[in-house]
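> Read off the chains here:
4 protein chains.
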Amino acid sequence: MIPRYSRPDMVAIWSPETKFRIWFEIEAHACDAMAKLGTIPKENAEAVWKARDVEFDVARIDEIEAVTKHDVIAFLTHLAEHVGSEEARFVHQGMTSSDVLDTCFNVQLTRAADILIADLEGLLAALKRRAYEHKDTVRIDRSHGIHAEPTTMGLTFARFYAEMDRNLSRMRDARAEIATGAISGAVGTFANIDPAVEEHVCEQLGLVPEPISTQVIPRDRHAAFFATLGVIASSVENIATEIRHMQRTEVLEAAEFFSMGQKGSSAMPHKKNPVLTENLTGLARLVRMAVVPAMENVALWHERDISHSSVERNIGPDTTITLDFALARLTGVIDKLLVYPENMLENMNKFPGLVMSQRVLLALTQAGVSREDAYRLVQRNALKVWDTRSDFREELLADEEVRAALSEEEINEKFDLGYHTKHVDTIFARVFNEG
Amino acid sequence: MIPRYSRPDMVAIWSPETKFRIWFEIEAHACDAMAKLGTIPKENAEAVWKARDVEFDVARIDEIEAVTKHDVIAFLTHLAEHVGSEEARFVHQGMTSSDVLDTCFNVQLTRAADILIADLEGLLAALKRRAYEHKDTVRIDRSHGIHAEPTTMGLTFARFYAEMDRNLSRMRDARAEIATGAISGAVGTFANIDPAVEEHVCEQLGLVPEPISTQVIPRDRHAAFFATLGVIASSVENIATEIRHMQRTEVLEAAEFFSMGQKGSSAMPHKKNPVLTENLTGLARLVRMAVVPAMENVALWHERDISHSSVERNIGPDTTITLDFALARLTGVIDKLLVYPENMLENMNKFPGLVMSQRVLLALTQAGVSREDAYRLVQRNALKVWDTRSDFREELLADEEVRAALSEEEINEKFDLGYHTKHVDTIFARVFNEG
Amino acid sequence: MIPRYSRPDMVAIWSPETKFRIWFEIEAHACDAMAKLGTIPKENAEAVWKARDVEFDVARIDEIEAVTKHDVIAFLTHLAEHVGSEEARFVHQGMTSSDVLDTCFNVQLTRAADILIADLEGLLAALKRRAYEHKDTVRIDRSHGIHAEPTTMGLTFARFYAEMDRNLSRMRDARAEIATGAISGAVGTFANIDPAVEEHVCEQLGLVPEPISTQVIPRDRHAAFFATLGVIASSVENIATEIRHMQRTEVLEAAEFFSMGQKGSSAMPHKKNPVLTENLTGLARLVRMAVVPAMENVALWHERDISHSSVERNIGPDTTITLDFALARLTGVIDKLLVYPENMLENMNKFPGLVMSQRVLLALTQAGVSREDAYRLVQRNALKVWDTRSDFREELLADEEVRAALSEEEINEKFDLGYHTKHVDTIFARVFNEG
Amino acid sequence: MIPRYSRPDMVAIWSPETKFRIWFEIEAHACDAMAKLGTIPKENAEAVWKARDVEFDVARIDEIEAVTKHDVIAFLTHLAEHVGSEEARFVHQGMTSSDVLDTCFNVQLTRAADILIADLEGLLAALKRRAYEHKDTVRIDRSHGIHAEPTTMGLTFARFYAEMDRNLSRMRDARAEIATGAISGAVGTFANIDPAVEEHVCEQLGLVPEPISTQVIPRDRHAAFFATLGVIASSVENIATEIRHMQRTEVLEAAEFFSMGQKGSSAMPHKKNPVLTENLTGLARLVRMAVVPAMENVALWHERDISHSSVERNIGPDTTITLDFALARLTGVIDKLLVYPENMLENMNKFPGLVMSQRVLLALTQAGVSREDAYRLVQRNALKVWDTRSDFREELLADEEVRAALSEEEINEKFDLGYHTKHVDTIFARVFNEG
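Residue numbers (full-length UniProt numbering), protein chains in the order written: chain A, 1 to 435; chain B, 1 to 435; chain C, 1 to 435; chain D, 1 to 435.
Quick caveat, the hints were computed from the structure, so don't treat them as lab data.
Computed from a predicted model, the values in this text were never measured in an experiment.
Just to be clear, a hint being listed does not mean it is correct.
Which copy? The list can't say, so a pair holds if one copy fits it or any two copies do.
[What the hints assert, rightly or not] Here are the simulated lysine to any residue pairs, SDA-like style, with alpha carbons at most 20 Å apart:
no., residue 1, residue 2
1, K69, T180
2, K350, D387
3, K128, F257
4, K272, R60
5, K336, L124
6, K271, R380
7, K128, D391
8, K350, T388
9, K128, I40
Whole structure, please, built from the sequences with the hints as guidance.
Have a look at this one:
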């Protein structure tokens with residue numbers, strides 16, 4: 001985790017304080033369930049809740065762990081300091097450390113997912129607003145980085161919306177995947193603990209009981225979770241890449257927001273760098289790099305080995321914190337993105353009218369010109385535009401052979417931008433589920 | 001694709017013949033829709049279906065492509081050879097090559113998904129059968145490769161079932177993700193083609209229209225698809241790893257099937273190698289390695305660049321073929337896995353009774369012995385077993401200090417295996433959705 | 001392996017014919033060594049060489065393997081069909097299949113490395129030639145996609161040269177890493193075969209004996225090899241990315257070669273797509289994806305498991321064939337790259353003179369203007385250029401406050417391009433080891 | 001970076017204090033060089049060294065950065081607070097931030113490499129010591145997890161030594177790769193700074209001048225560096241996997257050290273978990289996951305974009321800290337590894353004598369028995385051992401058909417362990433470069 005690429009709410013999920021708080025809740029709810037079953041005395045279960053409002057002392061727990069060499073035991077010892085040794089004696093009975101650790105990890109991932117879902121919703125709102133704002137802002141579409149045919153900036157925002165909407169759906173699935181808990185004892189057989197305890201604890205924490213666990217919750221769930229983060233990060237990179245392209249000096253169709261008074265990194269006013277989206281490109285790599293190790297974690301030896309643990313201590317916080325930051329940063333970029341419609345037109349007309357050459361070709365053939373001749377006619381006029389940046393429409397109008405096939409009106413009609421944007425509403429209706 | 005790790009049905013999906021067949025269907029259905037809209041003459045649309053039963057000549061198409069340097073044009077030229085130049089003149093009108101290529105790719109991935117879904121269903125059936133067969137076959141559970149507490153082989157199969165059942169659900173989601181088509185023209189604006197054409201083609205091919213495409217279908221869908229394959233492959237590795245462990249000489253609780261008459265790779269009858277599951281471990285790596293490039297493919301430049309194409313030409317066939325083969329191989333392994341219950345008991349009793357030490361410890365403390373004393377008592381008897389492989393229960397019965405706290409009956413009760421297996425039915429009911 | 005992205009020499013290395021040829025040589029040389037040691041009769045060793053010029057019949061070997069289920073045994077059986085059963089009876093004595101397989105694989109990788117080294121040398125020659133050709137071709141340097149300060153196209157080629165020169169050196173190291181052989185018997189102890197046999201075989205095949213092998217050659221060597229290919233592929237992507245940027249419509253400082261008569265994919269002459277370099281970007285991903293599985297292959301169980309094998313059957317051919325093709329394609333692209341110096345100047349002057357603003361700022365402060373005032377002066381003139389695309393130098397000359405600090409001559413001097421290119425020779429001398 | 005998996009010396013390299021210290025040295029040495037060239041006054045260069053012993057105030061620099069939004073400017077401002085504004089006015093002249101940042105990063109990586117080199121040397125010493133200690137400790141070799149033929153524990157240590165020795169060599173190469181610096185100005189053209197400055201700074205910092213840089217040092221160097229760490233981590237996993245296997249209950253040929261008095265995590269004395277090596281397996285994944293992003297960092301746009309930066313802020317510290325910790329932990333594990341020679345013999349004889357069956361088979365054929373008969377004879381005796389765990393040698397001695405071919409002496413000779421270990425000295429001499 002790199003502090004400068006983090007936001008406090010997500011960081012808080014991964015703090016020791018939060019972790020111990022969740023551990024406490026797991027243990028306390030488990031005691032409740034055991035008391036209800038009659039496994040432990042009711043008063044002991046109630047006593048645990050004395051620590052309900054305690055802010056656990058991380059330093060003290062670390063101190064105990066330095067002696068016991070075991071984090072859960074250290075916590076339980078500290079908990080007993082609050083609850084009373086005698087009262088606390090049934091806490092954790094029949095449970096294994098992993099019951100606490102794995103259930104807690106999934107609570108943290110579920111909460112992280114909630115933030116990421118909210119992030120995505122915020123991003124979608126920004127994308128939608130900008131899409132409608134620029135629904136009719138014409139710009140040139142590019143394949144291979146080369147001008148193709150006209151589109152609108154609104155469609156660009158709309159396709160990012162559709163992509164992020166899919167990501168929202170994936171994130172919700174990933175949340176559901178990971179929202180399970182296990183209180184199933186040393187090897188998952190419930191030998192020393194009743195399944196009813198698991199049910200109660202999970203219900204209280206908003207989780208579903210893991211149908212079958214070993215000592216641990218199966219790691220295919222986590223692999224699917226981190227893979228989903230990787231897909232979302234890749235979409236972040238996709239949008240960031242578009243903006244980086246739009247901001248480059250020669251294109252300049254959009255730019256990350258800056259206040260005009262703002263002192264640039266140098267004296268050069270043209271030097272407004274797309275550093276936020278470049279940064280997002282790098283952050284995407286960081287989120288994505290966790291996918292393979294999360295998959296390598298699936299194949300644990302027999303009922304568990306602990307190789308997954310160090311990996312998750314890292315990627316659990318790092319990927320969720322980084323992706324949360326990235327989504328928020330991207331939302332800000334989209335929200336305030338400077339869009340330059342005039343430059344869009346200027347770029348489109350770098351070779352005036354040339355982007356319409358395909359329509360002209362089609363019109364010629366439809367007018368009965370052979371395909372070979374039509375191609376020759378279009379190309380000879382296009383090359384003039386290419387060489388001299390004259391106006392393609394005017395060249396065509398002046399070409400007798402062309403005029404023999406197409407009237408002035410017919411030629412002019414081919415340069416109507418509306419032809420290309422006539423289905424924008426249809427597409428918007430699809431993407432934004434209108435009407 | 002490595003021929004020895006492939007199966008014909010999946011390979012067939014990726015053959016040139018299948019590809020051209022799908023291309024034909026896309027073009028023919030598109031003509032139908034255009035005829036219905038009145039964009040092209042009805043007779044031309046009908047004429048295309050003359051090629052309905054044609055087996056397209058791959059060599060001939062390659063020959064044409066060598067001249068045109070364009071695969072779709074080569075195909076269309078060849079199609080015209082069957083349909084007639086004049087009749088075929090409206091084929092592909094207003095479409096872009098990617099309309100055909102991307103829609104076809106998604107048809108192929110959807111069909112591949114169907115096979116993988118069937119594979120998973122077959123694997124689940126095998127796992128379920130073996131789970132019930134060995135529901136009560138006791139074996140020792142292991143964490144960290146070290147004996148923990150008793151479980152049953154049925155639970156092992158059941159947890160693999162549950163994991164693969166989640167994978168089945170993921171695979172179905174991935175199929176739904178990828179079952180989209182796009183017939184939206186050069187840059188996705190429908191400038192030269194009506195959205196109704198897309199709707200018709202998709203409906204005929206069992207796809208959903210992509211709500212918004214550019215020249216291509218957005219690649220986050222494919223990233224999610226290949227990530228799912230990666231998760232499933234990781235689960236394959238998980239099961240394979242368990243079997244490899246079970247088969248190792250010192251454990252020998254299970255073995256990949258071999259017929260006794262079969263000549264081993266050497267004279268040594270003990271040398272029955274788990275080569276199928278080792279192979280599965282390697283195949284899992286091959287499927288997994290496609291995940292990151294699939295994610296790198298998401299960020300295309302502007303409305304598309306073609307960097308994704310070479311990646312997909314490789315990972316499209318390779319991952320689906322490999323995973324299909326792996327799932328089928330794994331199903332065979334599970335189906336015929338030799339299970340050795342006697343060896344399971346022998347292993348569990350390597351240090352006779354020692355796996356029950358935790359229950360004895362608990363019983364002592366519950367009988368009023370202090371935690372420290374209880375630990376000391378258990379450990380001194382356990383160490384004897386550790387050193388001499390005597391019987392732990394007998395050592396306890398002979399220890400006066402232990403007997404002062406626990407009766408013979410109480411001690412014996414701690415060695416009841418039924419204690420550990422009492423919730424097997426509960427877990428089975430959860431996993432297999434019984435009752 | 002995708003046929004369209006392959007070249008015959010590299011493909012040939014991975015053919016069954018080549019493989020069997022290498023197997024033959026290993027066995028025959030081993031026989032020679034054993035005969036020299038007196039382990040087997042000299043005449044039997046000599047007899048093996050009867051097959052020296054045999055083209056092994058792959059179909060026949062496959063046929064035998066279908067029965068024996070063992071590739072090496074199938075080959076030896078077929079070899080005996082050429083040599084004579086009696087004469088061939090000592091072939092492979094004391095050896096294990098992996099002695100043949102692993103040594104052969106390293107021979108193949110070494111030969112592949114030789115081709116890749118030659119590829120890199122070819123690429124370096126092209127880069128060097130273009131670097132000198134455009135040593136003084138001024139273009140604007142860009143950081144963050146934004147104009148920075150002038151440089152030359154020659155320096156761009158030169159830095160790619162330097163990068164590929166490092167890759168050449170890495171490739172040579174990787175070749176040395178992998179050029180080992182092992183003929184050490186079933187578990188690497190030489191129990192049934194003398195180390196002298198290994199020495200002889202390795203010497204004959206241009207390899208070094210592996211100092212200590214198990215049944216297999218240790219896989220860290222292969223991991224290092226494939227990692228090197230991954231680095232080189234990343235450099236290919238680096239160069240490809242530069243060219244893709246240069247070719248985009250708005251930049252157009254360079255383009256992949258096309259002949260003017262050539263019919264584009266459409267009627268649009270501006271639509272010359274950088275498809276080769278886009279393809280290279282995708283190919284780089286394919287090479288890179290092999291790195292992690294090659295690293296996962298290192299940790300084999302005990303003295304070997306066979307999980308690495310399926311991975312290597314894939315990545316051995318696929319990465320070397322793909323990288324060979326990519327390097328050759330890149331060499332062609334560089335060799336024939338169309339460079340447009342006029343467009344470079346036009347781009348640089350999109351905001352005339354503005355790229356010199358930093359030098360002016362510096363000059364003002366050196367002339368005693370405070371940093372704040374200098375910044376203000378530069379910025380107000382820069383903004384005019386930014387808004388109206390007037391000439392920055394002329395704006396400065398017309399600004400009285402600026403002129404109070406700097407003379408006309410001093411101002412003009414700041415717009416001297418030579419200032420930025422004065423160390424080009426120095427850098428060339430470093431890169432190309434001149435003088 | 002996870003604190004519990006870190007060691008202070010490596011962590012210190014990545015502290016803000018160290019970073020600012022290196023920045024200071026770069027700036028101060030650069031001033032020296034500029035003074036020598038006469039570019040800046042000598043007294044100003046000398047004045048900078050007033051800060052020679054200053055411990056830079058990180059909080060203060062952060063405070064300034066909060067205003068300036070630029071880390072290098074914040075540092076320079078703070079430096080001026082120590083040196084004096086007037087005296088400090090020439091600091092950083094003609095340089096760009098990346099000159100400082102990139103050169104500093106390489107200094108840090110070089111120092112990290114030095115620690116890793118020392119770590120590897122320590123590990124090699126431990127491996128060598130244990131190798132000689134157990135040169136003659138016989139154990140069974142295993143392929144596919146199945147008993148093969150006898151080897152010695154010393155050979156196991158020796159092969160890990162050889163592997164890590166290669167890693168040492170790779171690490172030294174990686175260090176050399178990364179030990180470059182660049183002080184080449186805004187876009188690497190030395191427009192505002194003399195190459196002699198770069199030479200001086202690099203010499204003082206133990207670096208080599210980067211032959212050609214842009215704004216940044218080319219990232220293929222870093223990709224190669226992190227790839228090397230990935231290979232080493234994979235070797236760590238390799239050794240860790242061996243130990244995990246050896247420690248599993250059924251094998252128990254070795255165990256991570258624990259003191260007998262030590263309280264386990266439970267009452268079970270058999271429950272000594274290989275948690276250190278399991279942890280190493282996970283740490284290997286963490287180091288390895290940085291390889292692909294480091295390769296993705298190579299293709300920067302034009303002369304640089306900043307996408308690499310966030311990636312390196314993470315993987316720079318994280319991978320070096322993790323690998324340092326892993327190597328040290330592994331050294332400790334090797335150093336104190338408990339080795340159980342008696343269990344090795346017991347395991348080898350699980351099926352008494354059976355591991356020698358191949359030699360008997362060979363002897364029978366050499367004695368003139370046909371291959372089919374020999375196989376039948378060996379197998380029928382082997383199966384008895386397999387079923388009843390009787391002694392293979394005794395079964396053979398009692399088999400008349402066998403005895404017809406082989407004398408008692410000849411049979412006994414086949415069970416001589418010395419046959420398998422006769423070349424241990426040869427191999428040791430190769431690995432440890434003896435004699």
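> Does each hint hold? Answer for all of them.
We went through each hint and held it up to the structure:
1. K69 - T180: Neither. Shortest intra-copy (28 Å) and inter-copy (43 Å) distances fail the 20 Å Cα cut-off.
2. K350 - D387: Cα proximity of K350 and D387: in one copy and across copies (12 Å, 19 Å).
3. K128 - F257: within (18 Å within a copy, 41 Å between copies)
4. K272 - R60: neither (50 Å within a copy, 28 Å between copies)
5. K336 - L124: Within one copy, since 14 Å is at most 20 Å while 45 Å is not.
6. K271 - R380: Classified as between: cross-chain Cα gap 15 Å, same-chain 39 Å, threshold 20 Å.
7. K128 - D391: neither (36 Å within a copy, 40 Å between copies)
8. K350 - T388: both (11 Å within a copy, 18 Å between copies)
9. K128 - I40: neither (55 Å within a copy, 37 Å between copies)
In summary, the structure is inconsistent with hints 1, 4, 7, 9 from the numbered list given earlier, while agreeing with the others.
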